[in-house]
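We have chain A; now place chain B onto it with these hints.
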Amino acid sequence: MFNGFLEDLVNNLKKLPGIGSKTAQRLAIHLISKEKADAINLAESIKDAVQSYKHCSICNMLSETDPCLFCEDSTRMENVICVVENTQDAYLIENLHEFRGRYFVLNELLSPLDGIGPEEINFPKLERIINSGEINEIILALNPSAEGESTINFLASQFEVKNIKITRLSTGLPFGGDIEYTSSLTLSNAFKRRYSVTE
Amino acid sequence: MLISSLKIKNFRNYSDFKIKFNPEGALILGENGIGKTNLLESISYFAFGKSFQTSRDLELINFSKAFFRIEAEFIIQNKSYSFEAASDRSKKIIKINNLNIARISELYKHLKVVYFSPNDIEIIAGSPVFRRSFIDQAISQYSFEYIEALRIYKRILKQRNALFKANYSTKEKRAWDEQFAQVGTNIIKLRLKYLATFTPLLEKYYKKISGAREKLNADYKYSFPNDDEDIYDNLMDHLLRIEEQEKHQERSLAGPHLDDFDIFIDSHSARNFSSQGQKRSIAIAMRLVQTELIKEKDDDTPILMFDDVLADLDKMRTERIIEMLKGKHQIFIATPNVTNYRSFGLPEIDLKHELGKTSET
Numbered sequence: 001m002f003n004g005f006l007e008d009l010v011n012n013l014k015k016l017p018g019i020g021s022k023t024a025q026r027l028a029i030h031l032i033s034k035e036k037a038d039a040i041n042l043a044e045s046i047k048d049a050v051q052s053y054k055h056c057s058i059c060n061m062l063s064e065t066d067p068c069l070f071c072e073d074s075t076r077m078e079n080v081i082c083v084v085e086n087t088q089d090a091y092l093i094e095n096l097h098e099f100r101g102r103y104f105v106l107n108e109l110l111s112p113l114d115g116i117g118p119e120e121i122n123f124p125k126l127e128r129i130i131n132s133g134e135i136n137e138i139i140l141a142l143n144p145s146a147e148g149e150s151t152i153n154f155l156a157s158q159f160e161v162k163n164i165k166i167t168r169l170s171t172g173l174p175f176g177g178d179i180e181y182t183s184s185l186t187l188s189n190a191f192k193r194r195y196s197v198t199e
Numbered sequence: 200m201l202i203s204s205l206k207i208k209n210f211r212n213y214s215d216f217k218i219k220f221n222p223e224g225a226l227i228l229g230e231n232g233i234g235k236t237n238l239l240e241s242i243s244y245f246a247f248g249k250s251f252q253t254s255r256d257l258e259l260i261n262f263s264k265a266f267f268r269i270e271a272e273f274i275i276q277n278k279s280y281s282f283e284a285a286s287d288r289s290k291k292i293i294k295i296n297n298l299n300i301a302r303i304s305e306l307y308k309h310l311k312v313v314y315f316s317p318n319d320i321e322i323i324a325g326s327p328v329f330r331r332s333f334i335d336q337a338i339s340q341y342s343f344e345y346i347e348a349l350r351i352y353k354r355i356l357k358q359r360n361a362l363f364k365a366n367y368s369t370k371e372k373r374a375w376d377e378q379f380a381q382v383g384t385n386i387i388k389l390r391l392k393y394l395a396t397f398t399p400l401l402e403k404y405y406k407k408i409s410g411a412r413e414k415l416n417a418d419y420k421y422s423f424p425n426d427d428e429d430i431y432d433n434l435m436d437h438l439l440r441i442e443e444q445e446k447h448q449e450r451s452l453a454g455p456h457l458d459d460f461d462i463f464i465d466s467h468s469a470r471n472f473s474s475q476g477q478k479r480s481i482a483i484a485m486r487l488v489q490t491e492l493i494k495e496k497d498d499d500t501p502i503l504m505f506d507d508v509l510a511d512l513d514k515m516r517t518e519r520i521i522e523m524l525k526g527k528h529q530i531f532i533a534t535p536n537v538t539n540y541r542s543f544g545l546p547e548i549d550l551k552h553e554l555g556k557t558s559e560t
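Protein chains in written order, with our numbering: chain A, 1 to 199; chain B, 200 to 560.
Worth flagging that the hints you see were computed from the coordinates, not collected in a lab. Where hints are given, some of them may not hold.
Claimed, not checked - To list a few chain B residues with every Cβ distance to chain A over 10 Å, as calculated:
{"id": "1", "residue": "I274"}
{"id": "2", "residue": "L545"}
{"id": "3", "residue": "E547"}
Unchecked claim - In silico SDA-like links for lysine to any residue, alpha-carbon gap of 25 Å or less:
{"id": "4", "chain 1": "A", "residue 1": "K165", "chain 2": "B", "residue 2": "S368"}
{"id": "5", "chain 1": "B", "residue 1": "K290", "chain 2": "A", "residue 2": "Q25"}
{"id": "6", "chain 1": "B", "residue 1": "K496", "chain 2": "A", "residue 2": "L96"}
{"id": "7", "chain 1": "A", "residue 1": "K192", "chain 2": "B", "residue 2": "E344"}
{"id": "8", "chain 1": "B", "residue 1": "K392", "chain 2": "A", "residue 2": "S188"}
{"id": "9", "chain 1": "A", "residue 1": "K192", "chain 2": "B", "residue 2": "E377"}
{"id": "10", "chain 1": "B", "residue 1": "K208", "chain 2": "B", "residue 2": "K249"}
{"id": "11", "chain 1": "B", "residue 1": "K370", "chain 2": "A", "residue 2": "G117"}
{"id": "12", "chain 1": "B", "residue 1": "K446", "chain 2": "A", "residue 2": "E119"}
{"id": "13", "chain 1": "B", "residue 1": "K414", "chain 2": "B", "residue 2": "N237"}
{"id": "14", "chain 1": "B", "residue 1": "K291", "chain 2": "A", "residue 2": "S145"}
{"id": "15", "chain 1": "B", "residue 1": "K353", "chain 2": "A", "residue 2": "S183"}
{"id": "16", "chain 1": "B", "residue 1": "K308", "chain 2": "A", "residue 2": "S188"}
{"id": "17", "chain 1": "B", "residue 1": "K278", "chain 2": "A", "residue 2": "S183"}
{"id": "18", "chain 1": "B", "residue 1": "K370", "chain 2": "A", "residue 2": "E119"}
Unchecked claim - Just so you have them, the derived chain B footprint on chain A, three or more residues with Cβ under 8 Å:
{"id": "19", "segment": "103-113"}
{"id": "20", "segment": "175-185"}
Bear in mind the structure is a predicted one, so any value in this text is a computation, not a measurement. Glycine is no exception: its CB is placed at the ideal position from the N, C-alpha and C atoms.
Chain A extracted, bound-state conformation (with noise of 0.2 Å):
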């Protein structure tokens, strides 16, 4: 039923993630029905966007500018590093507007089975920040998978001679949750990190 133009718009909007089959075709539909007008500065924003953003060269970040703004704000901590998977996991650390300090993206995680090594992860790039010497702690901010956790282990072996704070996230009970439904993994996480409350 769909051919030309709106096969091929159904066929690129299947590609974006969390989009299937179904909800491409509505998309698609409602684009070439209603609005014309919205639909054409959809798509003139999605270019000026992927023309204009690119990698920031100091910590990859996607940025319009280059250094990025969290690089270029110089009052921002120079002593602290956050390292993170993507942009999007460092916009929302800093949304939280606890940390003040740099960031960097990584883009990926260690994955043998994608022949994603160190190389990819940008480990050279970060290994050249850490050694200018301004960097007193990093903060590894990565997911706790199976892929997570070996770059946590492998950037914490890489920097332990360092006399620097290596820290990561802590594991543990959700706000709002129930231990009664918390994963036996998790429980024990958050068992074994537990801390005090009078301190």
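Frame of chain A, contents of chain B only:
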């Protein structure tokens, strides 16, 4: 727990089939090849998220059809649940009470089935694969932590094996080794704990079945030099020693995925020094212990399925087993021959007759 009704479509030899079950279970009768095992297979799909014969759903789809679909009503701790599973050539969907489950492991939380297979003798006589799959299944039904650890371990194992096909640095390998050994150690500890509870019960059940007074023991066999104390350190040390071999074979050569356990009967390996009859009795005793431990943990009784396994035992042993379980579990016994079992008073389901009702071929 029990199953009260089942609906299957395009599953193995069934194209469209509906049946209701009694709480006490059933004797499923019919000649060989009519689909007795397939019926049990469809029910147990809801306990394991896959068939007990194959992990490929494709083989379960009725010849020339595009998908299969099974629906069942279960009663678990006095609450009723509707389960459904469907699979086509590309994906499977499993729902509990109309909600998609995120992981197969959720099935293990809800429904427990113990399937006494005619191949169970391989747990004693066969290769380590059979013993590992027995112990993995039994502990998964017993401890949710184990399923999680196993899932993560399999992922790390896959990544680590891929690492050996690539160029890697020592530190990169160490990052994977540490995690591999950590999760691997967890798995081993959970297995040791399970076996410690399992072994005394095994001897008890074996005695009940056979009347014999042999001593039974289970001994865990590591795929690396180990002393039960510092499993993590020993595994890490061994991984360093075998790096060249692993690189050469491009896979992980030590860890719980290669561990094994031995059953000893009067301190002789049951694998090498026991008769067919003894092996069969030990295998059944192992399934009974699996059942017992689920019961202890769950406050509910698993559904039991005997797929023609009791046929090889003498009448007295069979009676001992059924008397032990009757009235406590929903029991399904599949057999071509009713005479051995009629005395147990289970409702009879004549498959040929049932298939005729829904105009099956």
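Hints, one by one, checked against the model:
The claim that B/I274 lies off the interface holds: its Cβ sits roughly 23 Å from the closest Cβ of chain A, which is beyond the 10 Å cut-off. Every C-beta of chain A lies more than 10 Å from that of B/L545, the closest at about 38 Å, which supports listing it as non-interface. Consistency note on B/E547: stated as away from chain A, and its beta-carbon is indeed over 10 Å from all of that chain's, at 43 Å minimum. About 24 Å separates the Cα atoms of A/K165 and B/S368, which keeps this hinted pair within 25 Å; it holds.
Proposed proximity of B/K290 and A/Q25 is supported: the alpha carbons are some 21 Å apart, at most 25 Å. Under the criterion of a C-alpha separation no larger than 25 Å, the hint pairing B/K496 with A/L96 is inconsistent with the structure, at around 43 Å. Our distance criterion of 25 Å between C-alpha atoms is met by A/K192 and B/E344, whose separation comes to about 16 Å. As the CA atoms of B/K392 and A/S188 are separated by approximately 17 Å, the hinted pair is consistent with the 25 Å bound.
At roughly 18 Å between alpha-carbon atoms, A/K192 and B/E377 fall within 25 Å of each other, so this suggested pair holds. Taking the CA atoms of B/K208 and B/K249, the gap is near 16 Å; set against the 25 Å cutoff, the hint holds. Restraint check: the Cα-Cα separation between B/K370 and A/G117 comes to about 11 Å, which is no more than 25 Å; the hinted pair holds. Between B/K446 and A/E119, the direct Cα distance comes to roughly 21 Å. Compliance with the 25 Å bound is thereby established for this hinted pair.
Distance hint between B/K414 and B/N237 is unfulfilled; the C-alpha atoms sit about 37 Å from each other, more than 25 Å. Annotation: proposed proximity of B/K291 to A/S145 holds, straight-line Cα distance about 24 Å (limit 25 Å). Pair hint B/K353 plus A/S183 holds up; C-alpha atoms about 18 Å apart against a cutoff of 25 Å. A threshold of 25 Å between alpha carbons decides the hint, and for B/K308 with A/S188 the separation of about 19 Å falls inside it, so the pair holds.
Using a Cα cut-off of 25 Å, the hinted pair B/K278 and A/S183 holds, with the two alpha carbons roughly 23 Å apart. Restraint check for B/K370 and A/E119: the C-alpha separation of about 13 Å stays at or below 25 Å, so the hint holds. Only residues whose beta carbon comes within less than 8 Å of a beta carbon in chain B count, and the segment 103-113 of chain A has 4; three or more means the coverage holds. Counting residues of the segment 175-185 of chain A whose beta carbon lies closer than 8 Å to any beta carbon of chain B gives 3, which meets the minimum of three for the stated coverage.
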